[in-house]
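Enquirer: Line by line, the protein sequences give chains G and R.
The numbering of the first sequence is the numbering used here, which starts it at 7 and goes up by one.
The numbering of the second sequence is the numbering used here, which starts it at 7 and goes up by one.
Warning: the hint list may mix true and false statements.
Pairs involving identical chains hold if they fit within one copy or between any two copies, as the list cannot separate such chains.
What the hints assert, rightly or not - Keeping only pairs whose Cα atoms sit at most 20 Å apart, straight-line, the calculated DMTMM-like set for lysine to aspartate or glutamate is:
hint, residue 1, residue 2
1, Lys325, Glu274
2, Lys325, Glu270
3, Lys143, Asp105
For the record, the hints were derived by calculation from the structure and aren't laboratory data.
Protein chains: 2
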Amino acid sequence: MNQAKKIEVTDVILRDAHQSLIATRMRTEDMLPICEKLDQVGYWSLEVWGGATFDACVRFLKEDPWERLRQLRAALPNTRLQMLLRGQNLLGYRHYADDVVEAFVAKAAKNGIDVFRVFDALNDIRNLETAMKAVKKAGKHAQGTICYTTSPVHTPGLFVKQAIAMRDMGADSIAIKDMAGLLTPYATYDLVAALKAELDLPVVVHSHSTAGLAPLCQLKAIEAGADRIDTAISSFANGTSHPATEGQVAALRGTAYDTGLDLELLAEIADYFREVRKKYHQFESEFTREDVSVQINQVPGGMMSNLANQLKEQNALDKIREVFAEIPRVRKDLGYPPLVTPTSQIVGTQAVYNVLAGERYKTITNEVKRYLQGGYGAAPAEVDAQLQKKAIGNESVDVGRPADLLKPELNKLREDIGDLALTEEDVLTFAMFPDLGREFLQQRAEGTLKPEELLPPDAAKGAKLGQA
Amino acid sequence: MNQAKKIEVTDVILRDAHQSLIATRMRTEDMLPICEKLDQVGYWSLEVWGGATFDACVRFLKEDPWERLRQLRAALPNTRLQMLLRGQNLLGYRHYADDVVEAFVAKAAKNGIDVFRVFDALNDIRNLETAMKAVKKAGKHAQGTICYTTSPVHTPGLFVKQAIAMRDMGADSIAIKDMAGLLTPYATYDLVAALKAELDLPVVVHSHSTAGLAPLCQLKAIEAGADRIDTAISSFANGTSHPATEGQVAALRGTAYDTGLDLELLAEIADYFREVRKKYHQFESEFTREDVSVQINQVPGGMMSNLANQLKEQNALDKIREVFAEIPRVRKDLGYPPLVTPTSQIVGTQAVYNVLAGERYKTITNEVKRYLQGGYGAAPAEVDAQLQKKAIGNESVDVGRPADLLKPELNKLREDIGDLALTEEDVLTFAMFPDLGREFLQQRAEGTLKPEELLPPDAAKGAKLGQA
Ligand SMILES: [Co+2]
Ligand SMILES: [Co+2]
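I would like the entire structure built from these sequences, with the hints used as guidance.
Expert: This is the structure we're talking about:
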């Protein structure tokens, strides 16, 4: 312990924790009653919005995500509110034109977001630029994000280069986002130490405890100079979620890194969410438990279960080991993209094709073609030239920022959705999900919004008692 | 990382893991099929016997614990087998005469134990002496144990003094036994560093992950020079059990501390035990989950749930906070004993009396009287003189080793059990549990041994599916 400093805590209980453990299904009605206590804790921030929550609100919960944000803002007057933003993809599944990105960030800021964690699946920072600028323009905290992955090119040096570029872009802090639980304690130490040596910015570690290593990674990160950790209240912690807030607070208590947070208050909040979790029992899955596999084959847990389902549908589950072996080869061919939405799907699906066809790249998916044309941005390393030629022939590779090809589209979106949008926020909801968003706004107008049904809590209780 | 060394691993899956999570109920038939794989891992040792397993075998499973040991010995030819021994209490609930201790250790060694972890609830090493000598006489590994606790007197210095005394007694290694999950990472670092500075013996960290801190504590212990860690295969890990073997192995892989264990083999073993665990679903309890409470009030989890039950029976559950507040006061009056069997019961019950009577020490339990007479050994610190006088009046305090007052008793035990004992091991079973042991031997003779019933696995499966 060579320097004393208070470690700051971001609790992800209202966003990533339930996204990781109960398929993003927590409803606003279960968040509001505990906000008064959450607001007393003294967190550096609460992550409450973005990621898959916007989609889940519109798709399953039939809640207006903007209304959730305003309610949380009102209920948490003393705590920074944070969101996760997929760079130029915002919260949707394609690249948006800059005018949409600018409008979205401005509206998120206006409705209550203080801290924007902005990332790109390829770590191509050109895909962050518009969003970061918009955050700064709104006077908010712009957090530049490193999507952590392992490969011959993903050295601490490469990540430091990325962080410096994000700083030059105006980043107020740097997040290490380890979505798959790939980080190990001493690799974390080395990465954080390298970042702190070259940058004068706060560093945050966001690591999923998929393999059980995240609490250890955060401890070593702190020793290397990290300033902040992402944790989740214990009743929604561990496994594919995050280290437990109480555990990390207790680990640091009485040391030079003391967070200053009150364990008794945290324990009360944990009791609250333990009850809440029971309500969502139908979304519990065995795939969220701690599993060291990602440390063995470097394939994220979510990707493994998706591939298993995909193969099962095609009666080819027996090929799963071959597919796991093919994934790193496809990833190498594509210049080692981090495996996160959408690259995990792009790599995974191509690997399945390669194995099932009995010949590599006999069929090349449209997404791989688009990737090799530069449609998602720059690959971290050189892609395989032969494969690229096979995929796109003589078509040119676009080396610019993908969104540079997109014309302003906000006006068209406004026109398309018309009177169904009562506000600019509604237009942005429609922008994220053309079909789903329209349906949502339509049903809202008709007064027919109906959240998906929850199985009765009594059934869950009965089942649990049966097991006890 | 200032020195490279391979960290050794003891897996407690066959003893402490199921003792902690499913009330010590795992049967030998569920251990044997996986022994071939366990034997290939290259563990420094497997903890397989002692603690509560002897009691559970005789009481619930109607298995001969000696036969279990012999079967495991045969099935694990390449791995050291380890047991936990409560010093002069052996595996029973009173102090035994030296001849019984000597015979027990000799027989345990003969039947297959290589490593004896010997502890005393008060850390009074006079209660370890006979057992340690017997281990050395049998040519086996004697592990001297520190029961970790916190108090004004329990400094690293005090523990180092104890460790030195155990070394002088012949200890081959030193275990830090944190039964309650009280250790924090940096306290662990300091303690291990102090031990390694003063002793040239291997140090092992055995810490329950009750508050979620054990994996962190082990990491810091290793950095401070610890040589070995106790872990449990992931399907029986975490919470009141131990850090997951796979997680700790992955955390150290590729570093100077690499354990050298094969993650794929460990994952296969985890899969096996995940299925086994389902068979014992009726013994699962919500009290085994990770809970930071012990870090808040320093009262071990098991003790808290026992006290809750005790108070509920007396319709006084509303007094539980008062009882929790009284526990540290009683503990102080008694010279800060670690809270572990039997001292946790002694302190807890007296605290309940003190609160329910509305007057402290209006009633003093017989166990507290015996404790204050020196009947369990020396308290770690001065006891409250006034309380002592009130409890035992003018009776003298015994300052000697409690077992010095006990005459040899093995012959009498042999006579008492008579023909029901077919072997010396049977006599020792009877010695541990006079009533239960006799009943067991009787039923064995009659051929009427019948293990407690397990609820059908299908019911569990149904319940789980209902929740999924
Ligand atoms: Co995340
Ligand atoms: Co233990």
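Enquirer: All hints, please: hold or fail.
Expert: Going down the list of hints, with the structure as the test:
In the homo-oligomer, the alpha carbons of Lys325 and Glu274 lie at most 20 Å apart only across protomers (19 Å), although the nearest pairing inside one protomer, at 47 Å, exceeds that limit. Taking the shortest Cα distances, Lys325 and Glu270 sit within 20 Å of each other only across copies (18 Å), while inside one copy they are farther apart (50 Å). In this assembly of identical chains, Lys143 and Asp105 lie within 20 Å of each other by CA distance solely inside one copy; the values are 14 Å within and 82 Å between copies.
The structure shown violates none of the earlier numbered hints.
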